[in-house]
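Based on the provided sequences and hints, a complete structural model is requested.
Residue numbers (our numbering), protein chains in the order written: chain U, 1 to 128; chain D, 1 to 128.
Worth flagging that the hints you see were computed from the coordinates, not collected in a lab. Treat the hints with care, as some may be off.
Since the list can't tell identical chains apart, any single copy or any two copies may satisfy a pair.
For lysine-lysine, the following DSS-like pairs were computed, each having C-alpha atoms within a straight-line distance of at most 25 Å [said to hold, decoys possible]: (1) LYS101 - LYS2; (2) LYS6 - LYS101; (3) LYS101 - LYS115; (4) LYS112 - LYS101; (5) LYS127 - LYS44; (6) LYS44 - LYS6; (7) LYS78 - LYS112; (8) LYS99 - LYS115; (9) LYS127 - LYS78; (10) LYS112 - LYS99; (11) LYS2 - LYS127; (12) LYS40 - LYS6; (13) LYS101 - LYS40; (14) LYS2 - LYS115; (15) LYS40 - LYS127; (16) LYS2 - LYS112; (17) LYS6 - LYS78; (18) LYS44 - LYS2.
Protein chains: 2
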Amino acid sequence: MKLGSKYTHQYSFSQNDVNLFAQVTGDINPLHLNEEYAEKTIFKTRIMHGFLSASVFSKVFGTLFPGEGCIYLEQNLKFLQPMFCNTLYNAIFEVIEIKPKNNIAVVNTLIKDLKNITTIEGNAVIKF
Amino acid sequence: MKLGSKYTHQYSFSQNDVNLFAQVTGDINPLHLNEEYAEKTIFKTRIMHGFLSASVFSKVFGTLFPGEGCIYLEQNLKFLQPMFCNTLYNAIFEVIEIKPKNNIAVVNTLIKDLKNITTIEGNAVIKF
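Here's what the structure looks like:
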């Protein structure tokens, strides 16, 4: 983790992942689960839970960049666009500040679809 | 949702929930899964994923307060203390700002353990 370090991770979730996430977290809002219900909303189809979509930040920090030993201190999230299952997204990371005294990094965290539209944005603070 | 509205929801997760969350999200950091590994860290035992612990905010907004129809716009999270499975926590909500023109609420969101120690804090912005 150095100032300016970048990392990109491509991912997608299935409707089965969304259903399991709903089961584990108890977030059974029908907007995520029931297509007939979702068709009548402004989204016109089921959307993924924002927390599931954004969990890729936790996955990447905990397992890839920087990986094991990383401690998650803060995460800010703006849910800018609905996100859909069976759709590829890129999670994009850039270290924008390093506090070397205590190994803390501030990381800009974005999710973009393949048309380069940002769906989630925020910053994270991690100890590495 | 009115200025000053409050809501509290008590919850806990099991290690099985943590394992399922790891499976769905791909966040297989051993700190959450492997007791032998976790014993050698500063936490001395497995801790829950911050995103699983904080997913209660999404659950409550989507299903209880205000419930169906709520749109999640923003969530800020500070992970202040490690959180453990099979342990009761209170998720505490207070509406701190209302923008009536577009039905937007800013909600202070806290998680506290039963000793009243805050483990996660942040604010959410929702459309209701």
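Now for the hints, and whether the structure bears them out:
1. LYS101 - LYS2: within (13 Å within a copy, 44 Å between copies)
2. LYS6 - LYS101: Within one copy only: 21 Å inside, 40 Å across.
3. LYS101 - LYS115: Neither. Shortest intra-copy (39 Å) and inter-copy (32 Å) distances fail the 25 Å Cα cut-off.
4. LYS112 - LYS101: Close neither inside one copy (32 Å) nor across copies (30 Å); limit 25 Å.
5. LYS127 - LYS44: For LYS127 and LYS44, the Cα distance is within 25 Å only across copies (18 Å; inside one copy 40 Å).
6. LYS44 - LYS6: Classified as neither: same-chain Cα gap 35 Å, cross-chain 32 Å, threshold 25 Å.
7. LYS78 - LYS112: Classified as both: same-chain Cα gap 13 Å, cross-chain 24 Å, threshold 25 Å.
8. LYS99 - LYS115: neither (34 Å within a copy, 32 Å between copies)
9. LYS127 - LYS78: For LYS127 and LYS78, the Cα distance is within 25 Å both inside one copy (22 Å) and across copies (13 Å).
10. LYS112 - LYS99: Classified as neither: same-chain Cα gap 27 Å, cross-chain 28 Å, threshold 25 Å.
11. LYS2 - LYS127: within (13 Å within a copy, 38 Å between copies)
12. LYS40 - LYS6: neither (40 Å within a copy, 30 Å between copies)
13. LYS101 - LYS40: between (53 Å within a copy, 23 Å between copies)
14. LYS2 - LYS115: neither (28 Å within a copy, 39 Å between copies)
15. LYS40 - LYS127: between (44 Å within a copy, 17 Å between copies)
16. LYS2 - LYS112: within (23 Å within a copy, 34 Å between copies)
17. LYS6 - LYS78: both (20 Å within a copy, 23 Å between copies)
18. LYS44 - LYS2: neither (42 Å within a copy, 29 Å between copies)
Violated hints for the displayed structure, listed by number in ascending order: 3, 4, 6, 8, 10, 12, 14 and 18.
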